[in-house]
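Undergrad: Here's the letter readout for the chains.
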Amino acid sequence: MSKGNTPSTQTRRPDRAALVIAVFLAALAGLIFWDTSRLAQITSYSGIGPATIPFVIASVLLLLAAWTVFEALRGDFPARERQEFGPVIWIIGGLAAQMLTLKPLGFSIATGLLFAATAAGFGKRKLWFTIPIGIVLCLGVWLVFAGLLQLSLPAGPLEHLFW
Amino acid sequence: MTTFDFLLQGMLVAAQPMNLLYALIGVTLGTAVGVLPGIGPALTVALLLPVTYRLDPGGSLIMFAGIYYGGMYGGSTTSILLNTPGESASIVTALEGNKMARKGRGGPALATAAIGSFVAGLIATLGLAFIAPFVVKLALVFGPREYFALMVLAFVTVSSAFGDSTLRGLTSLFIGFALAIIGIDQLTGQARMSFGVPDLLDGIEVTTLAVAMFAIGESLYIAAQGEQGPDKVEAVKGSVWMTAQDWARSWKAWLRGTAIGFPIGAMPAGGAEIGTFLSYATEKRLSKHPEEFGHGAIEGVAGPEAANNASAAGTLVPLLTLGLPTTATAAIMLAGFQQYGLQPGPLLFATNPQLVWGLIASLLIANFMLLVLNLPLVGLWVKLLTIPKPWLYAGILLFATLGTIGANPSVFELGMLLAFGVLGYAMRIFGYPIAPVVVGLILGPLAEQQLRRALAISQGDVTVLFTSPVAAVLLVIAAAALIVPLILRARGRGQVLSQLAANED
Amino acid sequence: MKQFFLASILAGALALPAVAADYTIIAPANPGGGWDQTARSIQSVMQAEGISGNVQVQNVPGAGGTIGLAQFASQSAGNANALIVGGYVMVGAILTNKSPVSLNDVTPIARLTGEYEAIVVPADSPLKSMGDLVEALKKDPGAVSWGGGSAGGTDHIAVGLIAKAAGVDPTKINYIAFSGGGEALAAILGSQVTAGISGYGEFESQIKAGTLRLLAMSSAERIPGIDAPTIKEGGLDVVVQNWRMVAAAPGLTDEQKAAVSADVEKLAKSAGWQETLKTKGWTDTYLAGDAFKEQLAKDVSATETILKDIGLVK
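Protein chains in written order, with the numbering used here: chain A, 1 to 163; chain B, 164 to 668; chain C, 669 to 982.
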């Protein structure tokens, strides 16, 4: 969705990333129209049914898309900072790893991986060091919040050693 | 016995050393759990309620009050320091509070939040004690059409969080509305925008969206700046404590926040976050330093925090006088009260005065303990910001996901967290403000439901929306709030606005 | 990345058979609601009475309990330590949400408590009796607005049944759904709607204080201590009970099922549970075994019919 790699635009020329945003808004509006149109015939005593407000929202989104195109063509969008994508991928990867390993491996290992990946995103790439640190830290957190305070955090092999 | 005698007696019981200790434990536990992003006061109280069962009724009641206030306050700490609102009522706090923290003014921000919460809690609890029956009559005047008018007013005030571009502010708001459609329609039970995915039937959890957009979006954005990004966050610049000027700018905001938050909290469908929106907008309008808003204005922290806490006490008005639990937190408190043989309802004050006044005294004491616990900790909290970035952000993501997992341990929820985190990041790149998305998700469904209820009751007659005096007054205020700034903007076009550009995140 | 894999392999090797808590109860709702309170009450009574050493409650909120139910059915199959709390609302929600998982996919153990619907009007309403209300409904169904809980829930179903029994087209009822009992109560007290319908507990203190007038109850017979006729007495054959139950996982052996049933019976008969029912104001409607199964089947088919009549299920 993000076309953030566009270099800073100081000059006033059509902003292609902004055009992509307009397309996204229009697509969102289309999705709302498509999904809620099947509810259009349901009305109640109010005269507005479950589809009315979504139709209004979708229509405004279309207007906003048009407005975005207009501003994009005039180059009215603010200048953007240069984005480095390496760190972003590290963090997104960490979140995905946590999501996938949470149930099978438990809270500590899954979140420990996220911890290490985030640290890597910010420049600490020594995974042999950060993964164990993250797991130990998360285990401590797990013991406090799940053990003592009864929060239900998924337990895995590591947690079962303690509880 | 008179009201005062009862209150005095309650205070004497609550102020015994053992009970003070219970209050302190309650506040500490409540803060510890409430500080997790995504875990609001409702879940905090639900989790910790069993802890109180082991005590005698007096001690149990007071620890319960402590947990409640601790849970309420916990959310603002992470909002200010880490730009990660713990729950929907502290989203506004993050707007100015985090800007202050980044300029090394985290100490005063935390202090004004703590003292403001204390002041608001104190006044509102006294309000609960003395004017509850009156306030509740006022609250019952509010039917669907009055609520709809209140929502319209709230929408208008949201525009103060729009930042420099109307287009981008509106776009953010409508993305929030679009997300709000997802789920089962309250009034007809029909699924909208769920595409057969059962996890979407209940819509998008506000806390999930807020945590994702703020905490994860922010972390991604900072990480993407790489080495060239603003490396140093100055933890402390100047005093950790509030200066004389901070006090001067805060106290009126506390009082106004209380005045706004208490009645709105007392309304059965008011909700704490609406009070914070209105308070923020009010402070921005009335401030002598409007140019500081968006860059760390202390009033923008003081007012909403006071409103938040005052509305928490306001929630107790319908709960105690009508037996009406109007929020999830109140519903859990109701369960807690039943444990002490307290049956809230219109007869409560007459049949069970000792317990009611004992509770109110406990709330006052707990509120005081909150201040005792948190003011000395301000210095320590601020040190959090001196942690090197890799560890700090790794920790933020650890606690952000911990909160989400604790509230609902589902893989799908984590997936949404990731998706909205990426959306929040993309929006930051292009200078879209984040807060309106969350606000749209909160207010959109409320406004739609109240409108449809009002029209169903009137059988489709639109004029009812304007014929109630309360609704009419609210709509007039909303219209004024919308039009006046437009005129001012048209006159003073230019310089100030362009200077503010591209700084809203 | 190598370390990553090493760590996961190591962790996988460590995967020991789970030494889980004695019972894990899914409350398929947010904290604070009826199901959550039921689950947490079971938790504390089971622990206090020594029925189980360690009970955990987990909230899986959403869509009238169907999300919790679906998760429970798929993840707990064959696990005799897993329980879920549910109730009548779930029956309707399964139908309106077209949930792929139904109560047939779990093992219902017993009904624990139940509550009857109360029909109320504000104290200053011109409607004095259930007869008046039914008259008004027959004259102009749109002019009678009913305030109650979520669309397709127990309250909505009861209104549909009343309309049907009175010979009024159920699709014509003007039902205003509110989120949660509290908001509906406020609307009724403020005379925003004509009548209100919800569980008796929601209205009890207001009725006693005289701010609401109780017109009728949805029970089969008059309830001791509640001064109101039944809907049935007025000639409309409508009986609705909003019950709550506890169910076990699918795929249990007969021995496992018997063990869970025995524990639940011990719970329901315990002094601690009776005490809890009293403090919470819940009625004991304990029903287990085949009698419960039969009742459940009856409720499901009756609910399906009325939801179709109202037009919520196609």
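Errors might be hidden in some of the hints.
[Unchecked claim] Taking lysine to any residue and the SDA-like style, the derived pairs with C-alpha atoms no more than 20 Å apart in a straight line are: (1) C:Lys-982 <-> B:Trp-554; (2) A:Lys-126 <-> B:Trp-554; (3) A:Lys-103 <-> C:Thr-973.
[As the list claims (entries may be wrong)] A short, non-exhaustive set of chain C residues, derived as facing chain A with CB atoms under 8 Å: (4) Ala-716; (5) Ser-720; (6) Thr-921.
[Claimed, not checked] Residues of chain C clear of chain A, computed beta-carbon distances all greater than 10 Å: (7) Arg-890; (8) Asp-895; (9) Glu-901; (10) Gly-919.
Hints listed in this document are in silico derivations from the structure and should not be mistaken for laboratory results. Each residue gets a CB set at the ideal place from its N, CA and C atoms; glycine is no exception.
Undergrad: Look at each hint and say if it fits the structure.
TA: Hints and how they fare:
1. C:Lys-982 <-> B:Trp-554: violated (55 Å)
2. A:Lys-126 <-> B:Trp-554: holds (13 Å)
3. A:Lys-103 <-> C:Thr-973: violated (40 Å)
4. Ala-716: With Cβ-Cβ at 16 Å, over 8 Å, it is violated.
5. Ser-720: violated (15 Å)
6. Thr-921: With a minimum Cβ separation of about 25 Å from chain A (threshold 8 Å), the hint on Thr-921 (chain C) is violated.
7. Arg-890: holds (34 Å)
8. Asp-895: holds (33 Å)
9. Glu-901: Given a closest Cβ separation of 30 Å, the condition holds.
10. Gly-919: holds (19 Å)
In terms of the numbered hints stated before, the structure departs from hints 1, 3, 4, 5, 6, listed from lowest to highest.
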